[in-house]
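Colleague: Sequence:
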Amino acid sequence: MTPINRRRIENFRANRRGWWSMWIFAALFLVTLFAEFIANDRPLVAQVDGRWLFPVVVDYAEEDVIPGGLPFAMDWKDPEVIGEFREKGGWAVWPLIPYNHRTIVRDLGRPSPAPPSARNWLGTDDQSRDVLARVIYGFRISVLFGFTLTIVSSLVGVAAGAVQGYYGGWVDLGFQRFIEVWSGMPQLYLLIILASVIEPSFWTLLVFLLLFSWMGLTGVVRAEFLRGRNFDYVRAAKAMGVGDVTVMRRHILPNAMVATLTFLPFILSGSVTILASLDFLGFGLPPGSPSLGELVAQGKNNLQAPWLGITAFFVLGGVLTLLIFVGEAVRDAFDPRKLPGGGR
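Residues 1 to 344 (the working numbering) are what the sequence shown spells out, left to right.
None of these hints come from the bench; they were simulated from the model.
Treat each hint with caution, since some may be false.
What the hints assert, rightly or not - The calculated lysine to any residue pairs, modelled on SDA-like cross-linking and capped at a C-alpha distance of 20 Å, are:
id, residue 1, residue 2
1, K77, D107
2, K300, P111
3, K88, D75
4, K77, T103
5, K238, R250
6, K77, E62
7, K77, I38
8, K77, S128
9, K88, G50
All figures in this text were calculated on a predicted structure; none of them were measured in a lab.
When you get a sec, could you build the whole thing from the sequences and use the hints?
Modeller: Put into structure tokens, the structure is as follows:
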């Protein structure tokens, strides 16, 4: 490890708020990646007539589990089916939360949304679905969407900024005019038109937002390449016959990545916010999908159920706060004025 990278790691760890935020966010993300094993309406493992079953990963038909059953998917929440299953001497191990994001909670004893209880730790929404299960699945899809959008848009933005800054001249001028026009497009109106033609999904939203989000890093990378292309070692490499792509990748890009990496946590938090905002407005993921923005909308529409709005506020606020703290720590790590340990 080079001394520069060692100093950056020391500065990152010196920011205790960002250091612990990174570990908390990583732990939450790792847990939600295995959401099916934590919140599911199917058992983790079951046994009947000496047969081992793994319903959490295999969709068994009823006739495969209970002799004489129907040739349809096994409903592990149906009391009659469970009664027949137990009559055969079967047993099952359930996840910590016996609901997934689609499960309708039966026998609540009161109209939905129901308040938090020992059965539903964060209550239920207005469609009798467990809020905690939807938060777990919604957190995962929001973070995965944010990561995907951030990575792909950063790659496109860095490449566009590198071409602008390295070649300059008419290439830079033409690209800048295109960016000025393209950034002025009304994204929300275009998304409304898109939603009226096709049903938005994870991938269609990702492609649509990618068309505009790649411009976030272009200006920073362009400035670094405009500055770096005049350095002596870059001129020497070009004089020796090194190709443009090699010069850009090996000699200028490492310096430009310092500023780029500083912005990435903030771009990630913005990507999570964009998806939540679209879901809140009704132009995001398909209806029924686990979404933090849809939970915010339910909190607004059900003021008599304050646990919905409070849960949405703390989950979204907590995620964005963790990402901002990590971004501040990354900024300190790449600050050349910072001494090892965080001092100046």
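Colleague: If a hint holds in the structure, say so; if it doesn't, say that too.
Modeller: Here is how each hint holds up against the structure:
no. : hint           : verdict
1   : K77 with D107  : holds, 12 Å
2   : K300 with P111 : holds, 18 Å
3   : K88 with D75   : holds, 16 Å
4   : K77 with T103  : holds, 9 Å
5   : K238 with R250 : holds, 12 Å
6   : K77 with E62   : holds, 12 Å
7   : K77 with I38   : holds, 16 Å
8   : K77 with S128  : holds, 14 Å
9   : K88 with G50   : holds, 10 Å
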